[in-house]
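Number of protein chains: 2
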Amino acid sequence: MTMTQMQAARAGKITDEMKIVAQEEKMDINVLKERVANGTIAICANINHKNLHPYGVGEGLCTKVNANIGTSSAFPDPEPEIEKLNIAIAAGAHSVMDLSTGNNIDASRHAILEHSTVMVGTVPIYQATVTAIKERGAVVKMTEDDLLHTIEKQAKDGADFMTIHCGVTMDVINRMRAEGRYMDVVSRGGSFITGWMLYNEKNNPLYERYDDILDICAKYDVTMSLGDGLRPGCLADATDHAQIQELLNLGGLVKRAWDRGVQVMVEGPGHVPFDQIATNMKLQKSLCHNAPFYVLGPLVTDVAPGYDHITAAIGGTMAAVNGADFLCYVTPAEHLALPNNQDVKDGVIVTRIAAHAADIVKGVPGAREWDLNMAKARKQLDWEAQMKLAIDPQTAREKRASRNPEGTTACSMCGDYCAVEIVNKYLGATIEHC
Amino acid sequence: MTMTQMQAARAGKITDEMKIVAQEEKMDINVLKERVANGTIAICANINHKNLHPYGVGEGLCTKVNANIGTSSAFPDPEPEIEKLNIAIAAGAHSVMDLSTGNNIDASRHAILEHSTVMVGTVPIYQATVTAIKERGAVVKMTEDDLLHTIEKQAKDGADFMTIHCGVTMDVINRMRAEGRYMDVVSRGGSFITGWMLYNEKNNPLYERYDDILDICAKYDVTMSLGDGLRPGCLADATDHAQIQELLNLGGLVKRAWDRGVQVMVEGPGHVPFDQIATNMKLQKSLCHNAPFYVLGPLVTDVAPGYDHITAAIGGTMAAVNGADFLCYVTPAEHLALPNNQDVKDGVIVTRIAAHAADIVKGVPGAREWDLNMAKARKQLDWEAQMKLAIDPQTAREKRASRNPEGTTACSMCGDYCAVEIVNKYLGATIEHC
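Going down the list, the sequences are from chains A and B. Take the first sequence: its letters are residues 5 to 438, numbered as in the numbering used here. Take the second sequence: its letters are residues 5 to 438, numbered as in the numbering used here.
Careful, some of the hints might be misleading.
A pair counts as met if it fits within one copy or between any two copies, since identical chains are not told apart.
Here are the simulated DSS-like pairs of lysine-lysine, each with C-alpha atoms no more than 25 Å apart in a straight line [said to hold, decoys possible]:
#1 K429 to K206
#2 K392 to K160
#3 K138 to K429
#4 K259 to K286
#5 K30 to K17
#6 K366 to K286
#7 K223 to K54
#8 K160 to K223
#9 K157 to K138
#10 K429 to K145
Hints are computed from structural coordinates only; laboratory data are not their basis.
Can you build the whole structure from these sequences, using the hints too?
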């Protein structure tokens, strides 16, 4: 009988995964164990994901970064997605999500799980939907068992966490309709479930069968990632009745998962004005009993397609500073197309910048030291050290090399008039005179 | 006898520039006039900058964006800088600063002023320094009159605002040395002045001759932009004794400028941890009597060379939400090289994103409506409207066109499984049934 990380922690057992996380994050192992037992830290490590390097998500740990990859009906080939997986890992992602909706979803997932040393998340309803359309003619013809079978299959394959939209209940949809909304439902999983519920006039099977799903999660130690199906898709919908009604549901579902010994994270918005982000983070932490918070963005404006990795990094920094534990990247292709390799790299690096800017504030061990070492390298005009310390050494090197003669101490912006050189000369000299 | 905008406002006169600003920003003309009179809004419009479209900077107005351009000793040709000027204006900058330190600084400035319809700022000490090195052999051999003559020359040419580092006094330098600092002085102007003061054992001539400088500013209505010569160059130096000591000086200099009828802005940091940004903005507003605040970044981490347009956009949003009125762009080339054309465009767009995200929070007229119109276009899957509303339509169009067959309603990320299409179908249908 396997135990989840949470069950092990509650039994006083220190797992190998806990040891690695505690060592890498410089956290006392007993503090970590306590937090895993209480659920404020999740270690997403499916017992069947054999080559996984374990990471923890939550209280006191560094902010984690996820990259979404996977095929789509327009780009169904799995090969390029493995390339993106490798790019995401090389750029420093702690996790990828396989969002495949192409022809052969099983094959994509197997390939990604086989190659991934980082956490792998899935969204089972995507595969269930694609299968229902193929085999039954429409998303609304999907059966409850279709859904459960897909969850079990993906769990058995080794998915470390799963986005499951259990909180989209009929009362949430009714509240959305009563209060009105500009963009209605923009989450894909949320839209499938909403369509299904409205057509079938039945409540959400992911909610009704929650205990069965928890049994599957417990069996393989899949971390439940409670999806926010009603997340706001534009600033004007942020922090509205539908979103908060669903969040109340999610808070209740967190407790039920913990009661079953299942690890759980909660997913969050979306598109949110900058001044509402802190409130959203604090509300989630309060209503969801300090469960780890996994956020997409938030995007702080709707008007920047092509630059949404940046609108998300702005919101993501604010979110992580105020309690978000895990940032899902957004790429420059968001709202426009499936990301390509460059988009994946840009998305990961920019999200790591947001995570790191927040980790400095959170006091995560090592975060401030990294910046201080860069400052010292700059003061010494030690370019090699600067390049090595850069969050993306390749890009920094290329940009410098492209526009500076080799061996110069300054850069081509200041040229002969480098502030650091001048001050080192005169301030250094004066200090010697003292 | 010409009047500055401030003198005119105080005399109850409504200038043409005030009319344009009030109309474009949807601000009551008398409110605007009052704020110009009080100094909380500056309209940077040199009487000799003939083709200028006037902009206001400050209380209740949209957050402005500046692009730094200009030659360097490594790239002394003025032609490419005019190209950058045009790129910056096309991308939506409200202002450029000519930071030229190349061979022929007069020629660069004349060309930029001639072509620029947006505000032009300069940093006279750059030219004074380059001239001193050429004519006298070292920056420390510069005379006070060299400095004053350069200021007068650039004012007469039409510079709308000037960065002048009047606040770097000997007590500020002494405080820096007593308290210690990792990066000392990273502002170029600050470093020239510091080197000069230490070598000559004299106080800052820009401080000592402040009244003479104000006379020049009053004559041409140059807005004084009080430079922060001791701005922190790394997170570890942020909000330290040297920075705040200089800020105290700047607050005193603001009042002296206003007493003389000279418009004034104050420049701010720099490299600042995310959680210290709000404090910095509020401290400046309090110590500088609500004078408009013009900030560089702030950069929220030191470790991202190649991505500093993004570290600055994160900090810039937080800064503008908390009171900054004017954001100086940072480009991807920061800390590495002189920016090229693409860097200039990226820098302006990303800084406009930060400014706009803040303007939504500030309640600037029209800001929220822009986002709402985008939300409506997305809901209707109206791609042409989405492209037109994008902050950078060209980039959005290119990204979409590169990876989507023409005429598709969805995008290649979701393909056949578009959330918006599904919800429009089922939620729309159900609402009709009601």
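Status of each hint after checking the structure:
1. In this assembly of identical chains, the alpha carbons of K429 and K206 lie at most 25 Å apart only when taken from different copies (17 Å versus 76 Å within one copy).
2. Neither within a single protomer nor between protomers do K392 and K160 lie at most 25 Å apart by alpha-carbon distance, with minima of 40 Å and 47 Å respectively.
3. Taking the shortest alpha-carbon separations for K138 and K429, only the inter-copy value of 19 Å comes in at or below 25 Å, while the best intra-copy value is 73 Å.
4. Taking the closest pair of Cα atoms, K259 and K286 come within 25 Å of each other only inside a single copy of the chain (18 Å); across copies the shortest separation is 41 Å, beyond that limit.
5. Taking the shortest alpha-carbon separations for K30 and K17, only the intra-copy value of 19 Å comes in at or below 25 Å, while the best inter-copy value is 65 Å.
6. Proximity of K366 and K286 under a CA criterion of 25 Å is satisfied in both settings, with 15 Å inside one chain copy and 22 Å between copies.
7. Within a single copy, K223 and K54 get their C-alpha atoms as close as 16 Å, which meets the 25 Å cut-off; across copies the closest is 75 Å, which misses it.
8. Taking identical chains as interchangeable, the C-alpha atoms of K160 and K223 lie at most 25 Å apart only when both belong to the same chain, with a minimum of 9 Å there against 78 Å between chains.
9. For the identical chains of this complex, K157 and K138 are intra-copy neighbours only, at 18 Å inside a copy versus 75 Å across copies, given an alpha-carbon limit of 25 Å.
10. In this assembly of identical chains, the alpha carbons of K429 and K145 lie at most 25 Å apart only when taken from different copies (15 Å versus 76 Å within one copy).
Taken one by one, the earlier hints fail for this structure only at number 2.
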